[in-house]
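**Q** Okay, here's what each chain looks like letter by letter:
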Amino acid sequence: MLSNIGCIRIMNAETKETAKSAHWKARKKKVLPGDEIADDVTLMRGHGTYVDSDSKLISSVAGHVCRINKLISVLPLKTRYNGEIGDIVVGRIVEVQSQQKRWKVDTNSRLDSILLLSSVNLPGGELRRKTTEDELMMRSFFAEGDLISAEVQSVFSDGSLSLHTRSLKYGKLGQGVLIRVSPSLIERRKTHTHNLPCGVHIILGNNGFIWICPQIDEGTESGGFAVNLDPVSFSDRETIARLRNCIMLLARQKMMLYDTSISYCYDISTEYQAS
Amino acid sequence: MDLILSESEKRFIVDGVKDNCRVDGRECFDYRCIDVESDVISSCAGSGHIRLGNCEIMVGVKCEFSEPSLDESDVGKLEFFVDVSPNASPLFDRKKDSISNNLIAALSHSITPCIDLHSLCVEKGKYVWTVFIDILVLELGSRPNLLDACAIAVKAALYNTKIPKVTIDCETNEPTVSENEIIRIDVSRVPLFITVTRIGNQYVVDATQEEEASSISSVLFAITPDGEITHMKKVKYGSLCPEPLKDVFHKVKDLAIDMHRNLMNALIEESKVRKSTNKISFLF
Numbered sequence: 001m002l003s004n005i006g007c008i009r010i011m012n013a014e015t016k017e018t019a020k021s022a023h024w025k026a027r028k029k030k031v032l033p034g035d036e037i038a039d040d041v042t043l044m045r046g047h048g049t050y051v052d053s054d055s056k057l058i059s060s061v062a063g064h065v066c067r068i069n070k071l072i073s074v075l076p077l078k079t080r081y082n083g084e085i086g087d088i089v090v091g092r093i094v095e096v097q098s099q100q101k102r103w104k105v106d107t108n109s110r111l112d113s114i115l116l117l118s119s120v121n122l123p124g125g126e127l128r129r130k131t132t133e134d135e136l137m138m139r140s141f142f143a144e145g146d147l148i149s150a151e152v153q154s155v156f157s158d159g160s161l162s163l164h165t166r167s168l169k170y171g172k173l174g175q176g177v178l179i180r181v182s183p184s185l186i187e188r189r190k191t192h193t194h195n196l197p198c199g200v201h202i203i204l205g206n207n208g209f210i211w212i213c214p215q216i217d218e219g220t221e222s223g224g225f226a227v228n229l230d231p232v233s234f235s236d237r238e239t240i241a242r243l244r245n246c247i248m249l250l251a252r253q254k255m256m257l258y259d260t261s262i263s264y265c266y267d268i269s270t271e272y273q274a275s
Numbered sequence: 001m002d003l004i005l006s007e008s009e010k011r012f013i014v015d016g017v018k019d020n021c022r023v024d025g026r027e028c029f030d031y032r033c034i035d036v037e038s039d040v041i042s043s044c045a046g047s048g049h050i051r052l053g054n055c056e057i058m059v060g061v062k063c064e065f066s067e068p069s070l071d072e073s074d075v076g077k078l079e080f081f082v083d084v085s086p087n088a089s090p091l092f093d094r095k096k097d098s099i100s101n102n103l104i105a106a107l108s109h110s111i112t113p114c115i116d117l118h119s120l121c122v123e124k125g126k127y128v129w130t131v132f133i134d135i136l137v138l139e140l141g142s143r144p145n146l147l148d149a150c151a152i153a154v155k156a157a158l159y160n161t162k163i164p165k166v167t168i169d170c171e172t173n174e175p176t177v178s179e180n181e182i183i184r185i186d187v188s189r190v191p192l193f194i195t196v197t198r199i200g201n202q203y204v205v206d207a208t209q210e211e212e213a214s215s216i217s218s219v220l221f222a223i224t225p226d227g228e229i230t231h232m233k234k235v236k237y238g239s240l241c242p243e244p245l246k247d248v249f250h251k252v253k254d255l256a257i258d259m260h261r262n263l264m265n266a267l268i269e270e271s272k273v274r275k276s277t278n279k280i281s282f283l284f
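Just so you know, the protein sequences line up as chains A and B, in that order. One point on numbering: in the numbering used here, the residue at position 53 of the first sequence is 53, and numbering is uninterrupted. One point on numbering: in the numbering used here, the residue at position 212 of the second sequence is 212, and numbering is uninterrupted.
Hints are computed from structural coordinates only; laboratory data are not their basis. Even glycine gets a Cβ: it sits at the ideal position worked out from N, Cα and C. Be careful, since some hints might not be right.
[Said to hold, decoys possible] No farther apart than 25 angstroms at their CA atoms in a straight line, the calculated lysine to any residue pairs in the SDA-like style are these:
| id | chain 1 | residue 1 | chain 2 | residue 2 |
| --- | --- | --- | --- | --- |
| 1 | A | K78 | B | E56 |
| 2 | B | K10 | A | M138 |
| 3 | B | K18 | A | P214 |
| 4 | B | K18 | A | Q215 |
| 5 | B | K253 | B | K165 |
| 6 | B | K165 | B | S119 |
| 7 | B | K95 | A | P231 |
| 8 | B | K95 | A | G145 |
| 9 | B | K10 | A | F234 |
| 10 | B | K18 | A | P231 |
| 11 | B | K10 | A | K78 |
[Claimed, not checked] Distance ranges between label pairs, derived from CB positions:
| id | chain 1 | residue 1 | chain 2 | residue 2 | range |
| --- | --- | --- | --- | --- | --- |
| 12 | A | S98 | B | D97 | 49 to 59 angstroms |
| 13 | A | K101 | B | S217 | 49 to 59 angstroms |
| 14 | A | S98 | B | S217 | 26 to 36 angstroms |
| 15 | B | L3 | A | L168 | 28 to 38 angstroms |
| 16 | B | S66 | A | D158 | 56 to 66 angstroms |
| 17 | A | S98 | B | I216 | 24 to 34 angstroms |
| 18 | B | R94 | A | Q253 | 29 to 39 angstroms |
| 19 | B | C33 | A | K130 | 42 to 52 angstroms |
| 20 | B | P90 | A | I68 | 33 to 43 angstroms |
| 21 | A | L77 | B | D97 | 29 to 39 angstroms |
| 22 | B | D186 | A | L77 | 41 to 51 angstroms |
| 23 | B | S85 | A | L77 | 19 to 29 angstroms |
| 24 | B | P244 | A | L168 | 36 to 46 angstroms |
Next up, chain B with everything else stripped away, as it sits in the complex (with noise of 0.2 angstroms):
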């Protein structure tokens, strides 16, 4: 069921988004604590799991041998599968299908053209990998920020995603597998998401169930770690007004690349502190 406010609160949390000062203390530009892990499936080719308020968030890769489509013969793929249960949120009950239909398309759109797939080739014109994202929602927090921990739980996936290296007997069509060698993703171009709320006439970041409640229309923007913004797109019904969104695209860019660092330092240092502990999965 959404959350319904009354008059009063609304104005409680607009007047406050107006003072830069939310409900939680947080600023506009402000996201709540991240927990990012990753390497949590032992059975996946990588995997990451992901915290962000109340959203929690669990994505595994897994990488299947194929045949490439005809037209381009030796591109990989890439499939999205997001898998919303109603016991993450009772939303999910009524509007499964049209939600995560909307995030695979938002994930796909912008995630696959940024990912080089050539280096997922294995035999032109023969085998390619397909590689399935498959992403569970464990416990949703509120909408707008479902998007962007999606993107970082993805990005953390990747990037330890390990595809052992195959190579093809020319003559008898036989593969082998290489027990030492692994390709790795290049995941350095791969976009985060930054979904913004209008709330009144000022835009925030993550926003919570409440602040959804009030608010009249949100935007997501999927930025590059260069930020470059490469997809767009506007949910709710509200209008947005341009000039005050130039002053977002803005902050929103610079969010977009101190977020990307700070992911890839988090994802770099804790490959360092894996090989000296011994995790076996998840909540282990």
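This is chain A alone, in the form it adopts within the complex (with noise of 0.2 angstroms):
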């Protein structure tokens, strides 16, 4: 009996209902915790599972059953990012450390990652050693509070990530809206980086950080440092706007998200109001 009493609500069921592809109906079966999944003794368990009294294969999270040779394990709905080595991320910098030349990143997984000041492509010439004048300048590079995308360069022994941005496609990101959905929701692809043909920029890093902003001539990445102020204009913020209320309800509707349901989704919304 909930009553509405202020704006409206963007896009009806009509619209969810249409997004849904034929794609998440195929995928590998869903289970509850508590579910069986198999009886099969000689099956390893993997991570979401355990074994109960009778020795069968019980799922302790609720996702998708992930199975590889014998090993089954369950991929939780709703997670931390677990890191895997040539993901793309966005990421939020937390922590300046220049003691011991290193950033710490918020990427939505358990520990905070670290970004090297030795990972990281510097200003002015493509590989140049690092100086002392680097590691006083660190803040200037990357402040607490910027956004960066960068690649995950390895994996530590306690699931904490080592990213680099040792490409012109990473670096500090400008103007746009960061939304944050669960990383299991992202569809691992080949590409990450899309420029939508509403006219939008968009990465959908691997850990369910999405950053959406004006599209970005080619060519032109600066690798990150320089970021361009100049307001956006009108159309180009309200494509976005649509485009992060498409990304929010498709979340919700724990769609999944890569570029052809997104731009799906949004000619489908438009329309409706952007708000």
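Relying on the hints, combine the two individually framed chains into one complex.
**A** In structure tokens, the structure reads:
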């Protein structure tokens, strides 16, 4: 008996329905905590499972079953980010540790990730030695609160990640919007940065952080230190807002997020108001 | 932990407010969708539940017999209590007391004078009703809209508060509770709160957490259904310019009158629906 007294919700059930692609239905078996996965004793049990008294394999989380040969694990629907090498992530700098020559980055994983000064492309010169001046200027490259896009370079034994931004694709992010969703909703694809047809650039971080910003012209990527502070045009802003709301809705309905699902949802939403 | 934003993100938000197109596509004086539900706790005299963006608040109203104060022997009392649990937001861990005291002060200053306390008198000089209003913050979206949501929930809860009619036997002083007759609290003058947050040189209502992080100050207004401002307070340290504030007054007033009307319509509609369905309690 909820009654609406404020503004209008953007999209109705119709939109959510149509965006439900066949892909999602074809996904692996979904389980709830306590559901039986298998009773074959020869299987190995992975994360998110346990064996009960009848030697049956039971799920301990809500998610979908993932089987690699004999190893069965359940990937939870709502989770922290477990990094893998080569993943593209979006993160926020939380600490500058110039003594240790590194930044601490919040990437939605259990431990803060680390970005070493030596794994950053510094302005001026592709590859050069890092001097003590650079160490002192660390805060001017990335300060607390800055958002960066980066790639996972390695995973430490405790599960924390080491990142690198040694490419012009990565680096500091300028004006735009950050959305946080569960990492399990990001579809793993070949590319995670897209220029969508609606004129917006989007980075779908594997860690569940999604960055939406106005389109960047090809070839002008700065490797991320110079940030454009010019005002964004009204139409761009409206598109970004609409796209943000689309993604929030898809995430609320637990739809997988990738370029096609997002632009499909965007196209449907055009008949509704952006807010 | 407070949210830290990078300079460029703040810039994006501030420019957006200037263009009258906020990050989620709203205009400066748009609220998010507000879901209100009343009479959700069966053991309370009245209750309300609200969801505004991420903010979720539950209000329970209970009434108890008490002795009136000596100087005013025929008025009842209104007691507010706010429970902010650290579960709702990590912020409540540190600033718990100051946040709840601020809320209690603002609500009791503005709402108590707008209720006819004489109607809460049972027997002059002997018994009055004390109305306890317990506010439970289940989830905190952002600080600015917490008070707005509280006020709506309190109004919804007071609207459906049913106090049994009690008659006192003159000789034995024995109270008898009437089974059928109930007193309702008149909420027609209870104000709603609107918090406007200053971002750049513009003002917005219902700021999100990101917007709060890029704002410099905010002002809260308590406005009655007639458009009268009964309470006003500035929060945070930033300065305010008097000229644009005048414009804000008018906009906020219109918005509040609208909200009052919509809320009352929703509550009346809901009370009609309830008669046909038989609801048990919250979440059932």
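**Q** It remains to establish, for every hint, whether it holds in the given structure.
**A** Against the structure, the hints come out as follows:
1. For a cut-off of 25 angstroms, the pair hint linking K78(A) to E56(B) stands: about 21 angstroms separates their Cα positions.
2. Annotation: proposed proximity of K10(B) to M138(A) holds, straight-line Cα distance about 21 angstroms (limit 25 angstroms).
3. For the given pair, K18(B) sits about 17 angstroms from P214(A) by alpha-carbon distance, which is consistent with the 25 angstroms threshold.
4. Taking the CA atoms of K18(B) and Q215(A), the gap is near 21 angstroms; set against the 25 angstroms cutoff, the hint holds.
5. A C-alpha spacing of about 36 angstroms is found between K253(B) and K165(B), which places the hinted pair above 25 angstroms, so the restraint is violated.
6. Only pairs whose Cα atoms come within 25 angstroms are accepted, and K165(B) paired with S119(B) is accepted, the gap being roughly 11 angstroms.
7. A threshold of 25 angstroms between alpha carbons decides the hint, and for K95(B) with P231(A) the separation of about 36 angstroms lies outside it, so the pair is violated.
8. Using a Cα cut-off of 25 angstroms, the hinted pair K95(B) and G145(A) holds, with the two alpha carbons roughly 23 angstroms apart.
9. Under the criterion of a C-alpha separation no larger than 25 angstroms, the hint pairing K10(B) with F234(A) is consistent with the structure, at around 17 angstroms.
10. Between K18(B) and P231(A), the direct Cα distance comes to roughly 10 angstroms. Compliance with the 25 angstroms bound is thereby established for this hinted pair.
11. A distance of roughly 29 angstroms separates the Cα atoms of K10(B) and K78(A); the hinted pair therefore is violated under the 25 angstroms criterion.
12. For the pair S98(A) and D97(B), the beta carbons lie near 37 angstroms from each other, so the given range of 49 to 59 angstroms is not met.
13. K101(A) and S217(B) have their C-beta atoms about 39 angstroms apart, which leaves the hinted 49 to 59 angstroms range violated.
14. The hint said 26 to 36 angstroms for the Cβ distance between S98(A) and S217(B), and at roughly 34 angstroms that hint holds.
15. Here the CB-CB span from L3(B) to L168(A) is close to 29 angstroms, well matched to the stated 28 to 38 angstroms.
16. As the Cβ distance of S66(B) to D158(A) is approximately 58 angstroms, the hint placing it in 56 to 66 angstroms holds.
17. For the hinted restraint 24 to 34 angstroms between S98(A) and I216(B), the CB-CB distance of approximately 30 angstroms keeps it satisfied.
18. For the pair R94(B) and Q253(A), the supplied restraint of 29 to 39 angstroms holds, since their beta-carbon distance comes to about 35 angstroms.
19. For C33(B) and K130(A), the Cβ-Cβ distance of about 50 angstroms falls inside the hinted range of 42 to 52 angstroms, so the restraint holds.
20. Checking the proposed 33 to 43 angstroms range against P90(B) and I68(A) shows it holds: the Cβ atoms sit about 37 angstroms from each other.
21. The hinted window of 29 to 39 angstroms between L77(A) and D97(B) holds, with their beta carbons roughly 37 angstroms apart.
22. A hinted range of 41 to 51 angstroms holds for the C-beta pair D186(B) and L77(A), which are about 48 angstroms apart.
23. The given range of 19 to 29 angstroms is respected by S85(B) and L77(A), whose C-beta atoms sit roughly 26 angstroms from each other.
24. A hinted range of 36 to 46 angstroms holds for the C-beta pair P244(B) and L168(A), which are about 43 angstroms apart.
Violated hints, in rising order: 5, 7, 11, 12, 13; the structure is consistent with all others.
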